[in-house]
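Please model the entire structure based on the sequences and the hints provided.
Chains A and B, in that order, give the protein sequences.
If you're matching positions, the first sequence starts at 1 in the working numbering and goes up one per residue.
If you're matching positions, the second sequence starts at 1001 in the working numbering and goes up one per residue.
Keep in mind that the hints are not guaranteed to be accurate.
[To be verified] Below 35 Å or equal to it, Euclidean Cα-Cα: the simulated DSBU-like pairs (lysine-lysine) are:
no., chain 1, residue 1, chain 2, residue 2
1, B, 1056, B, 1042
2, B, 1067, A, 11
3, A, 14, B, 1056
4, A, 11, B, 1002
5, A, 57, B, 1056
6, B, 1002, B, 1056
7, B, 1112, B, 1056
8, B, 1042, A, 11
9, A, 71, B, 1112
10, A, 14, B, 1067
11, B, 1112, B, 1042
12, B, 1067, B, 1112
13, B, 1002, A, 57
14, A, 14, A, 57
15, B, 1112, A, 57
[To be verified] Calculated Cβ distances over 10 Å to all of chain B for the following chain A residues:
no., residue
16, 2
17, 13
18, 20
19, 31
20, 44
21, 66
22, 102
23, 110
Quick caveat, the hints were computed from the structure, so don't treat them as lab data.
In this text the structure is predicted, and so the values were computed from the model without any measurement.
Virtual Cβ for every residue (Gly too), placed ideally from N, Cα, C.
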Amino acid sequence: DTGVSQDPRHKITKRGQNVTFRCDPISEHNRLYWYRQTLGQGPEFLTYFQNEAQLEKSRLLSDRFSAERPKGSFSTLEIQRTEQGDSAMYLCASSLALNQPQHFGDGTRLSIL
Amino acid sequence: QKEVEQNSGPLSVPEGAIASLNCTYSDRGSQSFFWYRQYSGKSPELIMFIYSNGDKEDGRFTAQLNKASQYVSLLIRDSQPSDSATYLCAVNIGPAAGNKLTFGGGTRVLVKP
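Below you can see the structure in the form of structure tokens.
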């Protein structure tokens, strides 16, 4: 069990640029979740996948955000035309099945200049 | 009213004492409940989960769930300075909400030697 892996750990970019993050879940975990966390707040749900199907997207996820999990393994989260308000920690989690505990990766910290 | 509420703290406890953390939730359909520990700058780490009313113990941690009163608590016995962290309560409402976790804002715990 190698845990949930996220890449990169840190990303600094200028406003207006596009960024992409990657998440590799724990092997055999068919559910994968993306959350966003800002300082002093709990994580907020963004979207989740069961295998390759994206089953729910939060209203927080504007049109500039897109996520994929093409083969039901790793997932990517892309943010287009980044804004200052996108600065946050982006967390990926995976779980084995319905209602099972979610395990988080180390996160990607995004800073928009 | 927030869906999951926690006292933000800080909760200051002397080393060796019991730290008691509370969390209330609004959705009566909530099915599973989780406590995560988060050190500053790190990602959430699962420490306890509970599904049924009553107590669940794991080492120095005890989770308590009362669905009728819609609260879940965490007790940390024999508190150590290494327990100083933010503790996040998370609730899974179930399939109707996509099994996403809804987090409280966290309670900051400080254990003083």
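Worksheet item: Checking against the hints above, which ones are violated?
Response: 2, 3, 9, 10, 15, 19, 20, 22
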